[in-house]
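*Asks:* Here's the letter readout for the chains.
2 protein chains.
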Amino acid sequence: MADRLNRNAKPTLTTRSLHPENKEAPFPFIGNDSVPTSLFYKRNHFDYPSLTYLNYWLPIGGFVTTPKVFSMQDLKNLPSKTLKVVLECAGNKRSYFRPKVFGEQWEKGAINQGFWTGVPLKTLLHSVGIQKEVTEVIIEGYDKGKKTGSNTLHSFKRSLPLEKALDPDTLIAYEYNEQPIPFEHGFPLRLIVPNWYAMASVKWIKQITLHIGTFKGPFQTEDYVYYPHVDNDQDSFPVTIHNVNSSIQQPLDKQILTKGSHTITGIAWTGLGSISKVEISIDHGTTWSQTAIQRSVTDRYAWTSWTYEWVVEEKGEYTIMAKATDTNGRTQPLTPFGTEKGTDIMLLIK
Amino acid sequence: MADRLNRNAKPTLTTRSLHPENKEAPFPFIGNDSVPTSLFYKRNHFDYPSLTYLNYWLPIGGFVTTPKVFSMQDLKNLPSKTLKVVLECAGNKRSYFRPKVFGEQWEKGAINQGFWTGVPLKTLLHSVGIQKEVTEVIIEGYDKGKKTGSNTLHSFKRSLPLEKALDPDTLIAYEYNEQPIPFEHGFPLRLIVPNWYAMASVKWIKQITLHIGTFKGPFQTEDYVYYPHVDNDQDSFPVTIHNVNSSIQQPLDKQILTKGSHTITGIAWTGLGSISKVEISIDHGTTWSQTAIQRSVTDRYAWTSWTYEWVVEEKGEYTIMAKATDTNGRTQPLTPFGTEKGTDIMLLIK
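So the protein sequences, as listed, match chains V and Y. So in this note's numbering, the last spot in the first sequence is 352, and the numbers never skip. So in this note's numbering, the last spot in the second sequence is 352, and the numbers never skip.
Among the hints, erroneous ones may be present.
Same chains, same label: a pair holds when it works inside one copy or across any pair of copies.
Stated by the list, open to error - Simulated pairs of lysine-lysine, BS3-like, Cα-Cα distance not exceeding 25 Å:
(1) 279 / 208
(2) 83 / 261
(3) 261 / 148
(4) 208 / 102
(5) 256 / 102
Think of the hints as simulated: they come from the structure by calculation, not from any bench.
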């Protein structure tokens with residue numbers, strides 16, 4: 003028996019469902035920089051597409067001047083951009099909601115950050131020519147299947163308002179962390195919509211269609227819609243940009259620690275502006291202390307890491323709460339969709 | 003791009019902590035027979051031992067007639083036995099307890115079943131000779147470290163009452179599912195104590211010591227003790243045999259299903275006798291229906307699989323509860339250490 007057996011423990015994804023494959027990142031262990039592919043959460047609406055072609059072409063049509071198909075080489079010959087982007091599933095933290103919400107029971111790990119490289123969608127739209135009545139751009143993925151309660155086959159497709167499609171940072175990406183995009187995350191091409199929840203960042207792009215009017219696909223009219231009222235659809239509005247949010251990474255929830263000094267670490271993110279402060283409370287929200295935040299000036303779509311040095315002298319049970327505020331003045335609500343403050347952690351000091 | 007990219011999703015362990023490595027099985031996906039090593043939950047008190055020796059010897063000493071060391075070949079030359087055994091962490095389902103309990107927040111997946119092959123400990127004890135005052139047998143593992151709140155180095159060791167050590171089914175195992183025991187699960191030798199919670203099944207056995215008196219190691223006097231009273235230690239007693247228990251495997255908690263027929267599946271287990279029935283309630287415990295159970299007559303330490311065909315005609319929210327009863331008349335309590343019925347599942351029927 004040799005030393006090689008004394009291997010280091012590696013964090014792994016948590017299985018939420020297999021068909022389709024939905025797996026959560028082990029949030030306390032993903033670090034605070036770019037996340038390796040092995041710890042990139044997996045979120046699928048359907049089983050993986052069966053992609054059997056050997057050459058990939060991206061068609062762009064609809065209300066365009068000149069429909070075109072782009073080869074991978076065509077795309078790689080165009081000027082590219084690399085952005086550090088947070089992708090977060092719109093259902094992240096759903097398991098903490100009270101009252102409970104049906105669907106995948108994500109804890110804190112349906113979130114990812116990494117470097118995406120690709121061509122601005124804007125470049126391609128200008129290349130095909132946008133007819134002047136166009137209001138939206140529909141991006142369709144190769145993934146398809148039946149939705150629960152329906153016998154119709156749907157492919158996953160969503161529209162972006164033209165203005166967002168023309169944002170110079172909306173990318174048709176072909177690399178993640180300087181490698182071809184992993185198959186499970188959209189190889190060969192994935193739309194990347196910074197600041198929006200990740201359902202907008204369509205994987206395995208099949209085609210792009212310029213559209214006049216309001217596209218009514220089920221992934222933006224049935225799913226990914228906020229319903230403020232329980233009993234009717236009034237005032238409903240689509241899920242788009244990230245809310246201001248933060249999560250504690252270390253220590254672990256329900257961890258047992260000893261008296262003394264402990265570093266509390268976490269991340270915060272927002273889809274509007276940037277994080278201006280992150281605060282910690284150890285007295286159930288009565289008083290708040292500011293954490294030290296490491297905001298990136300250059301990476302405007304990245305999350306903000308924060309740390310807090312906590313000195314604890316008394317044994318007992320403690321609850322640690324965190325809340326973030328962004329430069330638009332939005333503050334993270336402490337009661338996500340209910341009464342339980344879901345992302346607090348409890349500690350026992352011995 | 004070839005078909006090989008259309009790979010199947012594989013279930014993976016869920017990371018609870020890395021130092022020591024504690025990972026939970028993806029319970030809904032482990033099947034109902036013997037669990038492959040890749041889905042065997044990992045439970046450690048300390049980091050993995052650094053085992054650098056090339057030849058393994060098992061010393062047995064203390065109050066014996068003739069102390070001996072056994073080589074692996076010695077052990078393999080002795081008559082062996084293969085048993086299908088449930089191993090369950092004493093903290094399994096801790097995350098569901100209300101009030102909350104500190105420690106690793108296991109859900110339903112700190113449980114495993116598989117085939118263990120080895121020599122009855124009894125054979126070895128008779129080989130070394132048991133002095134007549136002996137009351138306990140101490141099994142020590144190679145894993146060691148400091149416990150939280152202590153600066154003393156402890157190796158993981160526990161005692162068995164002599165009677166349990168002499169049970170013909172208490173094994174010094176060297177194979178799991180017909181392969182050498184995986185390193186993380188105790189290679190080369192692991193004690194297997196059927197019917198007891200898995201903290202008794204010491205991994206990486208370093209030595210065995212026959213003992214007179216009551217061994218007071220912290221893993222049986224501080225940890226792994228039930229304290230019936232919150233404020234004092236009165237009436238405390240050690241954790242030993244499995245309580246009667248059951249868990250629902252499918253459907254998943256908070257799953258969204260359609261009207262019609264659904265099969266509810268799960269397992270049940272006990273440390274006393276065998277499972278006599280498993281019942282299901284869909285009306286919050288008012289009425290109960292018997293499930294179909296597949297109890298093994300030959301594998302007395304295996305879990306019992308059960309299924310229930312559920313026909314649902316009405317849309318709405320449902321709560322599914324399961325409870326098991328064993329042949330000793332013990333029935334699974336519905337309120338584990340508190341008021342929340344932790345292992346129920348909730349379903350939304352659309």
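*Asks:* Does each hint fit the structure? Answer for all of them.
*Replies:* Each hint tested on the structure:
| no. | hint | in the structure |
| --- | --- | --- |
| 1 | 279 / 208 | neither (41 Å within a copy, 52 Å between copies) |
| 2 | 83 / 261 | neither (48 Å within a copy, 48 Å between copies) |
| 3 | 261 / 148 | between (54 Å within a copy, 16 Å between copies) |
| 4 | 208 / 102 | neither (36 Å within a copy, 48 Å between copies) |
| 5 | 256 / 102 | both (21 Å within a copy, 8 Å between copies) |
The structure is inconsistent with the numbered hints 1, 2 and 4, although it conforms to all the rest.
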